[in-house]
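Peer 1: Each chain, letter by letter, is given below.
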Amino acid sequence: MNVLASGSFWAFVGVVAGIYTILALGLQVQFGFAGLLNFGQVAFMAIGAYTMAILVVKEGWSMWLAAPLGVVAAGIGGLVLGLPTLRLRADYFAIVTIAFSEIIRYVATNETALTGGSQGTIALGSVGTAAQYNGQWSSFEARVQHTLGFSSPDATMLVIVWATALILLTLTWLALRTPWGRVLRAIRDDEDAAASLGKNVFAYKLQALALGAVLAGIAGLFYAWQFSFFSPDDFQPLLTFFAWMILLLGGIGRVWAVPIGALVFGLIFAGTRFLNFAPFSWFASDERAYLRLIIIGLIILLLVVLRPQGLLGNKREMVLE
Amino acid sequence: MFLQLLVNGLVTGSVYAIAAVGVSLVYGLLRLVNFAYGDMMAFGALITYGVNGPWHQSLIVAALAGMAATAALALLLDFALWKPLRSRRAGFMSMFLASIGLALVLRQALLLFGSAQPRSFRVNPYRVFVLGSVRISEAQLIAIVAAAATIVVVALLLAYTTTGRVLRAMADDRSLAAVAGINVERAIRIAWLSSGLLAGLAGVLAGLVEYSFDPNFGFQLLLPVFAAVVLGGIGSAYGALAGGLVLGVAQEVSTWSGFAGGVNPTYKPVVAFLVLTIALLIRPQGFFGRARIA
Amino acid sequence: MSALLEVQDVVRRFGSLRAVDGASFDVQSNSITGLIGPNGAGKSTLFGTIAGSLKPDSGRIVFDGRRIDRRPAYRVARSGVVRTYQAARVLTRMTVLDNLMLASIGHPGERLTGIVLRPRGSRKRERETRQHAEELLALVGLDSHAREYAGTLSGGQRKLLDLARVLMLRPSLVLLDEPMAGVSPTLRVQLLEHILAMRRERGITFLIVEHDLDFVMQAADRVVVMNEGRVLAAGEPQEIRSNELVIDAYLGKAHAPAG
Numbered sequence: 001m002n003v004l005a006s007g008s009f010w011a012f013v014g015v016v017a018g019i020y021t022i023l024a025l026g027l028q029v030q031f032g033f034a035g036l037l038n039f040g041q042v043a044f045m046a047i048g049a050y051t052m053a054i055l056v057v058k059e060g061w062s063m064w065l066a067a068p069l070g071v072v073a074a075g076i077g078g079l080v081l082g083l084p085t086l087r088l089r090a091d092y093f094a095i096v097t098i099a100f101s102e103i104i105r106y107v108a109t110n111e112t113a114l115t116g117g118s119q120g121t122i123a124l125g126s127v128g129t130a131a132q133y134n135g136q137w138s139s140f141e142a143r144v145q146h147t148l149g150f151s152s153p154d155a156t157m158l159v160i161v162w163a164t165a166l167i168l169l170t171l172t173w174l175a176l177r178t179p180w181g182r183v184l185r186a187i188r189d190d191e192d193a194a195a196s197l198g199k200n201v202f203a204y205k206l207q208a209l210a211l212g213a214v215l216a217g218i219a220g221l222f223y224a225w226q227f228s229f230f231s232p233d234d235f236q237p238l239l240t241f242f243a244w245m246i247l248l249l250g251g252i253g254r255v256w257a258v259p260i261g262a263l264v265f266g267l268i269f270a271g272t273r274f275l276n277f278a279p280f281s282w283f284a285s286d287e288r289a290y291l292r293l294i295i296i297g298l299i300i301l302l303l304v305v306l307r308p309q310g311l312l313g314n315k316r317e318m319v320l321e
Numbered sequence: 001m002f003l004q005l006l007v008n009g010l011v012t013g014s015v016y017a018i019a020a021v022g023v024s025l026v027y028g029l030l031r032l033v034n035f036a037y038g039d040m041m042a043f044g045a046l047i048t049y050g051v052n053g054p055w056h057q058s059l060i061v062a063a064l065a066g067m068a069a070t071a072a073l074a075l076l077l078d079f080a081l082w083k084p085l086r087s088r089r090a091g092f093m094s095m096f097l098a099s100i101g102l103a104l105v106l107r108q109a110l111l112l113f114g115s116a117q118p119r120s121f122r123v124n125p126y127r128v129f130v131l132g133s134v135r136i137s138e139a140q141l142i143a144i145v146a147a148a149a150t151i152v153v154v155a156l157l158l159a160y161t162t163t164g165r166v167l168r169a170m171a172d173d174r175s176l177a178a179v180a181g182i183n184v185e186r187a188i189r190i191a192w193l194s195s196g197l198l199a200g201l202a203g204v205l206a207g208l209v210e211y212s213f214d215p216n217f218g219f220q221l222l223l224p225v226f227a228a229v230v231l232g233g234i235g236s237a238y239g240a241l242a243g244g245l246v247l248g249v250a251q252e253v254s255t256w257s258g259f260a261g262g263v264n265p266t267y268k269p270v271v272a273f274l275v276l277t278i279a280l281l282i283r284p285q286g287f288f289g290r291a292r293i294a
Numbered sequence: 001m002s003a004l005l006e007v008q009d010v011v012r013r014f015g016s017l018r019a020v021d022g023a024s025f026d027v028q029s030n031s032i033t034g035l036i037g038p039n040g041a042g043k044s045t046l047f048g049t050i051a052g053s054l055k056p057d058s059g060r061i062v063f064d065g066r067r068i069d070r071r072p073a074y075r076v077a078r079s080g081v082v083r084t085y086q087a088a089r090v091l092t093r094m095t096v097l098d099n100l101m102l103a104s105i106g107h108p109g110e111r112l113t114g115i116v117l118r119p120r121g122s123r124k125r126e127r128e129t130r131q132h133a134e135e136l137l138a139l140v141g142l143d144s145h146a147r148e149y150a151g152t153l154s155g156g157q158r159k160l161l162d163l164a165r166v167l168m169l170r171p172s173l174v175l176l177d178e179p180m181a182g183v184s185p186t187l188r189v190q191l192l193e194h195i196l197a198m199r200r201e202r203g204i205t206f207l208i209v210e211h212d213l214d215f216v217m218q219a220a221d222r223v224v225v226m227n228e229g230r231v232l233a234a235g236e237p238q239e240i241r242s243n244e245l246v247i248d249a250y251l252g253k254a255h256a257p258a259g
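Residue numbers (the numbering used here), protein chains in the order written: chain A, 1 to 321; chain B, 1 to 294; chain C, 1 to 259.
Honestly, the hints are just simulated from the structure, not real lab data. Be a bit skeptical, because a hint or two may be false.
Unchecked claim - One side only, chain A facing chain C, incomplete, derived with CB under 7 angstroms:
1) Leu-176
2) Thr-178
3) Pro-179
4) Trp-180
5) Asp-190
6) Ala-195
7) Ser-196
8) Leu-197
9) Gly-198
10) Lys-199
11) Asn-200
12) Asp-286
The beta carbon of each residue, even a glycine, is placed where N, CA and C say it ideally should be.
Bound conformation, chain A alone (with noise of 0.2 angstroms):
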């Protein structure tokens, strides 16, 4: 239990939950406020890990120059899904959407030349080295620790993801808050009425899919600074269920619902690491992570049927039907 008292644990949940924030914030765009039935977002997190890896690894770039191609590459990577997709009807939408980001990951598993294969990042470089990108990272970060005179890096990690978080957040409210984002909400609302309004529909859509995209690919970005190492198996589908569930807790189509969500889920995520009592106790403690999953399906069902506007969400808005 002591690993409870350890700031550094809690820093670590923090970090996570900071990057968690983007990702669901990217999704609150696509969904909360475009409406679209986004269930592939984990593919625009690994564009943009694997685009900043695979040039600072392979093509010797600067990290500086590396990860905004990431997100640029995860950018189109959201164009590439919706230009032949966007038309669809929401449910076909939403299952191709699935089958992208698992392809996604089917390339990023096979094309071993190109990713590392099944290994992950390690294998990225020549037969016998283990590679790294991290290195800019790191002395970045050390950089930034000394100056706020932080004592682990864990912490100054935090500050890194959180100031990031709140600019992103900050910048999407500001652009929610513009005509364009009424558009948004408009289409959102009833896009039908919208087309007969003059605006064209698609291409909204198409903007608010790929600057979800972006944001994912800023979240995969930092998921690769914090771990130093990733495979495709970092980029299930998992991950897209819980960039949903933070919704859901928040509240859909609230920006500032979203950071909420992420700290309630991290929260959850790590607390259930510590669950000594029974009926955990009679499972061994790699059998707990299943008990940690099966507890946060039963949460999301329980929101879906209970509590559908999340903590924070407004009735009367309430995108959920």
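With chain A held as given, fit chains B and C onto it using these hints.
Peer 2: Relative to the frame of chain A, chains B and C by itself:
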């Protein structure tokens, strides 16, 4: 070689087809995309394994037990989850998210109580039948015969029994059916029962064909099955059958070396999705689906 | 003077049903044209093809000299053709004011590039739009509801909001789909006054589908009668009233089962 791939494709395709009909029956009636369906298939396969392996029953008995168990599970879930959601007038989104939560719970429960170890049914993997240039293993043969029989039976039931007609009519227009005096709740129960039976059967057949499986294999099957449902036009049982067969065959045949070297076999699922995407671009409602009337 | 709107041999099928089966007529600029006919005559479907929400299977629709039958709905709206629905289609989860603010075409702030590259132009347009919206709300008597969700409005109020939205869009041609359906007598008078004022002051042309024949005879300059997907007759209200074919069509339908 091509013929072999065709046969393999029909085997895979018929498993998809059966599962797809199960998904479609529920969607047609309840507008519910059951994301937990893959895990219900895995459930059926695992129960069958339990009866077939540790309990030493024959495969047929075990499979029937598995199907019955899955059907029971489906009815239980309707009572515990879907019915309450219906009474709250939950919309499509809520149901979809709920089915995702359910899938999570189901799969993790299977892993928790069953372990992630791969298992196999008691079938002889080395027994092979040879027909011309085509080799079929015992497992594949059982699968294709069982699947073909099921498809025929399902198609006949849908076409000629009152229940079948009711289900198809309700898929078309549920409110009208209710007014026409059809017992909606009973039809729903029958749909779940059938969906569960089909899921159990599809799970067993898939487990047979893949030879070894673990609780995670349900989700891997789910996407091609959904693709089949969408390809055929969601809500149309016949479409689901057709979609399943088409995708199964397309997947296998795409690896034929005659197609410029053929697709890398590890990318077979990608082929299924590509076929789906292209088909939807041409016909957004699927083969037998209904276009959105503006 | 060539017509503002020309419908030429438009056909639209749903499966085996020929909802519109070769309809042709003109609408003159600055006129109020009534489109009448028994239930199932194809009027709403025809509206759909003109407004762009449905594509005709064959035929042409020419507006202001340009073909619009192949254009998507949003581009038809931008060209100056606005359509309303029988049950006023307001955005229920947005405020009444926002509903009107959305009815501005070519607002730079509505494009991402506009927000970034033309912030001042965008703000200016936003101010103008808000002013115009508030004026129109006052005109239709909804200004006290400006900050409420449109979903809280009554049916009659929604019709007024719909009307205000039409005015915001500054169209050349307005397609009204049964504007008087379910409307109280007082509101009826109000709506008619607004329509006549719009024609008079802004030169807007109206094509109105309506079952209330008294209204049509009173308000319309010209009446087009549809039956079974085709145009049966077209002319001044007096002529139509005494037209034998028209009477037959209505009488025949009056004795047939509804739907």
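Peer 1: Each hint: holds or not?
Peer 2: Here is how each hint holds up against the structure:
no.: 1; hint: Leu-176; in the structure: 11 angstroms, violated
no.: 2; hint: Thr-178; in the structure: 5 angstroms, holds
no.: 3; hint: Pro-179; in the structure: 4 angstroms, holds
no.: 4; hint: Trp-180; in the structure: 5 angstroms, holds
no.: 5; hint: Asp-190; in the structure: 6 angstroms, holds
no.: 6; hint: Ala-195; in the structure: 4 angstroms, holds
no.: 7; hint: Ser-196; in the structure: 5 angstroms, holds
no.: 8; hint: Leu-197; in the structure: 5 angstroms, holds
no.: 9; hint: Gly-198; in the structure: 4 angstroms, holds
no.: 10; hint: Lys-199; in the structure: 6 angstroms, holds
no.: 11; hint: Asn-200; in the structure: 5 angstroms, holds
no.: 12; hint: Asp-286; in the structure: 46 angstroms, violated
Hints 1, 12 from the list above are not met by this structure, while the remaining hints are.
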